[in-house]
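S.K.: Taken in sequence, the protein lines are chains A and B. 1 is the number of the first residue of the first sequence in the working numbering; add one for each residue after it. 1001 is the number of the first residue of the second sequence in the working numbering; add one for each residue after it.
Please note that the accuracy of each hint is not assured.
[Claimed, not checked] If you anchor each label on the Cβ, the simulated ranges turn out as follows:
1. A:D33 with B:A1177: 39 to 47 Å
2. A:D33 with B:R1068: 33 to 41 Å
3. B:D1146 with A:D69: 37 to 45 Å
4. B:T1041 with A:D100: 45 to 53 Å
5. A:G140 with B:G1140: 40 to 48 Å
6. A:T41 with B:K1073: 56 to 64 Å
Source of the hints: derived by calculation from the structure; they are not laboratory data. Here a beta-carbon is modelled for each residue, glycine too, at the ideal position from N, C-alpha and C.
Below, each chain spelled out in residue letters.
Number of protein chains: 2
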Amino acid sequence: MAQARAEVTRQRIIDAAVELFNERGFGETGLADVLQRAGVTKGAFYYHFDSKDALAVSVIDQFQIAIRDAFRKTIDPPAAPGLENIIRGTFAVARLIQTDPAVRVGNELSQSLGQVSDAGPRVFRQTSVAFVDEVKKAFGAGDLRDDANPDDVGEVIWIGVIGCQFLSAAIGDDLVARLARVWHVLLRAIVPEPSLGFFYEVLERSLRDNVR
Amino acid sequence: MAQARAEVTRQRIIDAAVELFNERGFGETGLADVLQRAGVTKGAFYYHFDSKDALAVSVIDQFQIAIRDAFRKTIDPPAAPGLENIIRGTFAVARLIQTDPAVRVGNELSQSLGQVSDAGPRVFRQTSVAFVDEVKKAFGAGDLRDDANPDDVGEVIWIGVIGCQFLSAAIGDDLVARLARVWHVLLRAIVPEPSLGFFYEVLERSLRDNVR
C-alpha cells in the first residue's frame, strides 16, 4: 500500500517534469519548479531521485519503453515480411514522438543528455543493437538485396531514423514527412529492384496510416 | 587597440569554456568556473556575453565556421566531380570533429542546445540548405542517378552525416568508420550502377586520407 502510494508520487514528479521540460526546456526548469508543479516536498523528491539529472534519466527510460512498445506492436505477430514491419514500426514511433509530449520530451532529453549522464550512450547502444537485430531478421526473410551487408544496412536505417528524429526536433518540422523521404531513397539501396514497387506501396500506406 | 584587446579577452573566455565543457560537460560547468579558468572578472564576461547560454552559442558559431571552412576547402576549387567533393568534405569534417576539441564540443552543444536557445535550429536550417545546394551541383555534374530527386538525396546524405555525428558523439565510438559504412550503403541508392566502382574507390581513398 505504502509502495503503491510511493509509485504514484514518483510518477506525479515525472509527469510534472515532462510538463515543465515541454513548456520551458530542461535547462530552464529548476528543481523548485518541479516540486511546486508536482505538489511534493523536497524530502519526497529526494526519496525517489538523487538529482534533476536522475529525474531526466527516468523520463528517458519511460520514453525508451514507450518507443520500444510502439515498435514491437507493429512487429508482433510477424505476419508481414520483416522489412515491411520495420518500415511500419519507424512510422509508429515517429507518430508517437509527434503526438505524445512525454515521448517528445524523452526524445529531446536523450539527445541532449549525453554530456551530463551515461543514460544517452546506454539508450543508444541498446536501441542500436535491437534495431540492427530486426534488420537481420528481415534479411533472413529474403527482403534485402543479396549483396547487402545486414549489419551496415541496419546501421544506415537506424541512422536515418534517429537522424530524422534529431533534425526534426532541432528544426521543429514534420518528422513523418521527412522519414518518408529518407525511406524512399534508402529503399533503392537495400531491396532488390523487383521489390521496389511493393515497398514504395508499403511506404505510401504507412504514411496514410499516420495521418488518421 | 582597445578593440583588439577586447577581442583577445572574448576569445580567451571562449577557449576556457571549450576546455571546461570538454572536461566536465556544459551542464556541470558553472559561470564561476569559466571566469576562473579564463582569468577574467564578472564585469569583463558580461561585457561580451549575456549569459552562459550566449557563450555556448558563440562556441557553436565558431564550430559552424570551422566545419564550413573544412568542407569548402575540399570543395574549392571544384576540380573533381561534385559528389566526390561532397564525400571528401564529409570526411574532412568528421576528422575535424574527432581531432579538434573545440569542434567536438561545438558539435555536441549544437546537438544539445535546441531546447535552450534558437542557435540549434538556426545552425541546422542553414547547414541543411547549404548542404543540399552542394548535392544539387553534383546532380548538375551528372553524378546522380537519372531517377534521383536531388532534394531528397541531399537531405538523406545530410541526415546520414549528422546522424553519424550524433550517434558517435552519444556512444563515443569511431565517427570516421561509421561515416564510411553509411556512404557505402547510400552510394548504391544515389549513383548510377556503372559509377559505383569509381565512388567506392573515392570512399577508400577518403578513409586513407583520414588516418594520416
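S.K.: Check each numbered hint from earlier against the structure, then list the numbers of those it violates in ascending order.
M.R.: none
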